[in-house]
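The residues making up each chain are set out below.
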Amino acid sequence: MIRLFSTLCLMITLTICTINVPGIASASAQEAKSLKIAMILWRGETRVEDGFRAYFADRDIPVDLQIFDIGRDLERIPDIISEIRKDPPDLVYTWGTGVTSRVAGKYDQVDPAQNITDLPVVFVMVSSPWKTSIAAPAGQTRPNVTGATHIAPLPAQIQAIRAYRPLTKLGVVYNSQEDNSISNVEDLQALGAEMGFEVLTAPLGQAEDPSPDDIGPAVSDLAKRGADILYIGPDNFIGTYRDVLTEAGFTNGLAAFSATELEVRDGQAMLGLVSRYELVGRLAASKVESILLDGVSPSNIPIETLERFSYLINFASARKLEMYPPLSLLDYAEIIK
Amino acid sequence: MSNISASKHKRRLMPKGTIWILLLFSTIALCIALIGISWRAADLVRDDLQVEIQQKAEIQAKALAEKVEHALELGIPLDRIVGFEDVVVQLQEGDPDLQFAAILNGTEPVHTGGVAASTIKQALFEENGPKTPSTIITRIELKSVADPDPKQSDFAIVIGHDRAALMRPVTDNLFDIAIIFIITLALSFELVLFVLTVNVALPVRVARRVLTNVQQHKFTILHGQSTRDEIGSFMEHINSVISKTAAKVGIQPQKEREVKLIGVRLLAFMFVLAEELARPIMPSFFGQITASSIDGQLGAGIVMAVHLLMVAIAMPLCSLFQERIGSLRMYLFGAFLATIGLCGTAFAMGLADLILWRALSGMGYAITFVACQSYVLDATNDGNRTQGTAMMVSGIMLADICGPAIGGIFASHFGEAVTFIAGGVVACVAVALAFFLMDNMVRGKTPPPVPTKHALKAMLSNRRLQVLILFAAVPAKLILSGFLFYLTPLILLQSGATTAETGRVIMLYGLVALLTGWGIARWTDSKQNEIRAVGIGGALTAIGLLFAGFMPQYASFAVAVALLGLAQATSIPAQVSASLKIAADFTEEHGTGPVLAVLRLAERLGGALGPLLAASLTLSLGLEQAVLVFGAIAAVCVICFELLIGHVPTDQKAQTSKSEDGQ
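These protein sequences, in sequence, are chains A and B.
Per the numbering used here: the first sequence = residues 41 to 377.
Per the numbering used here: the second sequence = residues -15 to 647.
Be aware that a few hints might be false.
Which stretches of chain B does chain A cover? Using the computed rule of at least three CB atoms under 8 Å from a CB of chain A, they are [unchecked claim]:
1. 63 to 77
2. 579 to 587
Beyond 12 Å from chain B on every Cβ pair, some chain A residues (computed) [stated by the list, open to error]:
3. GLN180
4. ALA203
5. SER368
6. ASP371
Distance condition first, Cα-Cα at most 20 Å in a straight line; then the derived EDC-like pairs of lysine to aspartate or glutamate [stated by the list, open to error]:
7. A:LYS360 <-> B:ASP138
8. A:LYS377 <-> B:ASP70
9. B:LYS51 <-> A:GLU318
10. B:LYS46 <-> B:ASP138
11. B:LYS46 <-> A:ASP371
Think of the hints as simulated: they come from the structure by calculation, not from any bench.
What you are looking at is a predicted structure, and each value in this text was computed from that prediction instead of being measured.
Ideal Cβ placement from N, Cα and C applies to all residues, glycine included.
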């Protein structure tokens, strides 16, 4: 009897929460005024946000963006959430796995006190939302969370590496304190069994917080163990110290592959199969438009990635390593000189 | 009075001796002519193709050069270019004739793909040699190679194509060319055979009899096989000498001539060709016309079923009247109906009139078939009946093979409706030809008395005839339609064979039957054992089907179909002769019509049952098991046939042999 009562109470609460999500019930009323969006960013604005803004500008949809840059410090998020609650926007935009995880919480561990549950949340740059429990498992939805992921499927990434050079041993330096990194390595290992390659791992931060000084020795170790290429996955720590990693790679004659654009375009990773940040931003903006202007519930908007990815080659790195791209790649790869 | 050639003594229907050398010579001459024409055509194609290949090679070379130049512009040193071989492999996937590509510095390969560098060097060496090289080389210069000493460098991309590509249109279509070659040869052979037999063999044979007669100082026969050539004018002189001499001794000589049985082969060929020309386009054409009334596929099915039904009904009915009407009149009527039916089909507007036109075609087909058969039966005796039937069956088989092939080509050039009109024209030409090809000596015989009910009952209760019909005639057609026309195409297409490959396997049936039919018929007549031939045919069918059932592969189906062709060539003509022999008591008094009517009706029922049985077996057991069941049916039937045909009441057997002796 008590369980039945509790279930009923929960259902009523969830229903009320859903109804009360601003922007859903009063979507039409919002059309006249600017859409007020709070953006919680990991390390300032990137090309993702450029694409996000461009989407609305192209459609003449006025947006009022409130930027909250946490400067890579996740501890600042509770204060930002408190601030947001004082003057609630129409929607909250989050950048990256760490930020989204703190703001929206995990689907099965939502704390209305610490997480935002009464506003729609649209995330970007979350590499594996299901593995990190930001997204609910298949068959379930979260009432206020949706977003755009940016990582190409792992098999496609491996094929992209193999289109450039043979691969039997993939070296991964990663931060063992980041959930998304651990989950990505596990996925790579499972895929290795299927696609016939071995994953050589060099986890950092197992005893204490990872240090950039650990990266060089880890890369040397991987080179000694016969790694064919270094893999840069969705890892905030490695992303921050990507140049340390790629320089160590040059020293050891190892090229680096990245699943994210910045590591190739702005860094020195030699190749990457990536989603263009600007397009990811536009994809996220389209979801925001559906929620705030069309009145679609976030629970009915799928978490998606782009349908096409870009093959990037950093030619300076290729020249440095004397690993020139095969002729066939030159037809479709974007060469960054 | 002419001397009717359907004499009781056994004789040949086809010429023998040196005439075959002549035929062989004609065939060789035809082959040489066809090969010569084909070779010239291939030569012309090669010239066109050489230009096309060079253009294609230049495009490929330019594409390769662009890639290489792009790499060079990026700053990749020429000797450090990666993946040239992979690019060549990609090009080869789209162009199997591309043998290799290479980046050369002078004559030295820097990068190669397709074959080893040494092979490329050899090909380049051959290019300047005296012999025609085996590779077509295309070369374009690389301009943007930043070389420290440009004077000493001569960078180029070369592409090598297999010279055999020039023969690709021939080699790729080898099967189709072979089919057209065989058809052309068969048609030419048919005409040569006809012309030689009518103009040379028959007049010479009769002349020999006349001269032998004169040699024996008898002046009783004149040469009546008229020809307007040297043989004819020579024999006219002889005839006048015989007439004068006979007048002196008071004898009235009679004209001797032989029936032009060979003509029936051409007539049978013509009436089946008229129908078969449009065979490949029938379902789609009927579907288009009936689509406005009902579902196109269903409409096509109904129209085709009506045609078959009309054939099944008309054939036994016509058999009953064949002797009253006479073969020529019957053939003319049938071909006339077929002409109307086929031309009407070409202009059909909807389902109703299409059914009417196809029913007329079916009726025409059945009537001409029965007319040809009755002509053969009238003009032959027990000693050569199987050969006579085989001659007609050969004509039909040839049309079965040639018709769809010619019709398919015709339809693709002139359209579907025109193909039906072409069929109508063929049927119309057959009407005209029948006047010349059907000998008037077998026209308008006195009709036999109408069989009494008692006589019919006695004929139907003839145990041996029952066994022949139940265990040979019905299963033969049942297996033909069920296995060859239903199961074989389905299984082959499902196993991945193309439509053309499936068509070739089915064509094997007609080819084998055509090539072996005559020889087998001669053997059957010489042995005078039609029952044995029917049994052998059944056994061959069973072996083939069981083989295909146990090993359902393309090759085993080809073997089974070929065996079926051999089996039908052995069994079908023999069945006609056997049925008439078995029912000799009846045919002596009432003619062959009713016996053949019963045989045809049973055959057609078997033919109609075949696809139905095959479809239901496929649904319940699957395709491969259905073939096995058909094989088992064939085996059981042949065993029953062999056991029961020999175990008949002795009085009936004695009666039959008595009647045979009486002939």
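Please list, smallest to largest, the hint numbers that this structure does not respect.
Structure breaks hints 2, 4, 5, 6, 7, 8 and 9.
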